[in-house]
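The residues making up each chain are set out below.
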Amino acid sequence: MAVVLTPTAEHEVAARDGLWLSAADAERVTGFALKPEGMCRDELCVPLPVSAVSGNEVDVSAFWTKLGGPVIASKDRDVVALGAPADERNAALDGLAAPDFTLPDVDGVPRTLSQLRGKKVFLATWASW
Amino acid sequence: MPVWQALFAELKDKGFMVVAVAEETRGAAHARPWIEQAKSDYWQLIDTEHRLSDLYNLVNVPEAVWIDEQGTIVRPPETAGSTDHFRRMDLKTRTMSPEDQAERLAARQAYLDAVRAWVNTGEYALPADSARARLPKVTPEIAEARARFRLGVWLRTHGREAEGDLQMAEASRLHPDSWSMWRQAADLDEVGKAGGPAFWKRVQALGERPYYAPPKL
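In order, the protein sequences belong to chains F and P. Each residue of the first sequence is one higher than the last, beginning at 1 in the numbering used here. Each residue of the second sequence is one higher than the last, beginning at 1001 in the numbering used here.
Because the hints were derived from the structure by calculation, they are not lab data. The reader is advised that the hints may include incorrect statements.
Dumping the calculated EDC-like pairs for lysine to aspartate or glutamate here, alpha-carbon to alpha-carbon at most 20 Å [unchecked claim]:
1) K1039/P x D1084/P
2) K119/F x D1100/P
3) K119/F x E1099/P
Far from chain P, by Cβ distances over 10 Å, these chain F residues were calculated [unchecked claim]:
4) D42
5) C45
6) V50
7) G68
8) G108
Note that the structure is a prediction, hence the values are computed from the model and not measured. Glycine is no exception: its CB is placed at the ideal position from the N, C-alpha and C atoms.
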């Protein structure tokens, strides 16, 4: 088993030889589905090298690298972080639509930015440190 | 934060909301004393993984983003009222000169007044092209730093502190402009370290560069 960390979620998956996952797990983790033309999400299909597909399994590490996202593994390779590709972040911000997020409030109640549509929002960070 | 509460209390009936996000890997318990002291009734969210910094490409606290009724960013991330006057403070007495204190308060007031004007009249909202031009760009190094920080937080919270620290140190090396990542890692190492001698040394190394880049109002 391996733990895969994406920017907003944590998944426990059966993985072999690095990050070879079943197509179903690959889709659950990345949001991209395995199709004959590559890994696809909505209109976007990322072609995969033949070496990154075997039967119904995908080398998610190779796919994520092809997508342009960082793949960072722990020393024992039991935990892998898939970071958002820089281009994806820049494209999202360039569109000026405030990226949506859900975070818990101090009592653990989940709050989602888009629930505030219709109001002017002053979104600010702070920290105790 | 008490100033944000005052702002919110004044403007909440005009379709205004404050969302304060604590970039706080130690979690809600650690942020709670400050939150209770602020006596706030806006959203106080806890972001243990610094997701907001990842999504909005933030580098420090306090930074703010202004979002209009349609969910559009009308002011990209910028320093929310803080200034660099603290860099000239007397470190023994931890005090600033009266002139610096006055300038610091005036700058904060000017920023809060801008928020107030935006809510009341729409002033200070930037047209799309200006807003876009001010967006800080995410580089591949920053993207890698975020993934390493994320992994570092996970490792630390699963009893693998030493390995987590290595990932966080590498994240700071890749993205040296992020004070949040560096200071959070220092705080996880030891509470108080984020404002200790290593912090001041890092601030001094900025030279002429700002710690809190002033907002261009």
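Of all the hints numbered above, which does this structure not satisfy? Sort the numbers upward.
1, 2, 3, 7 and 8
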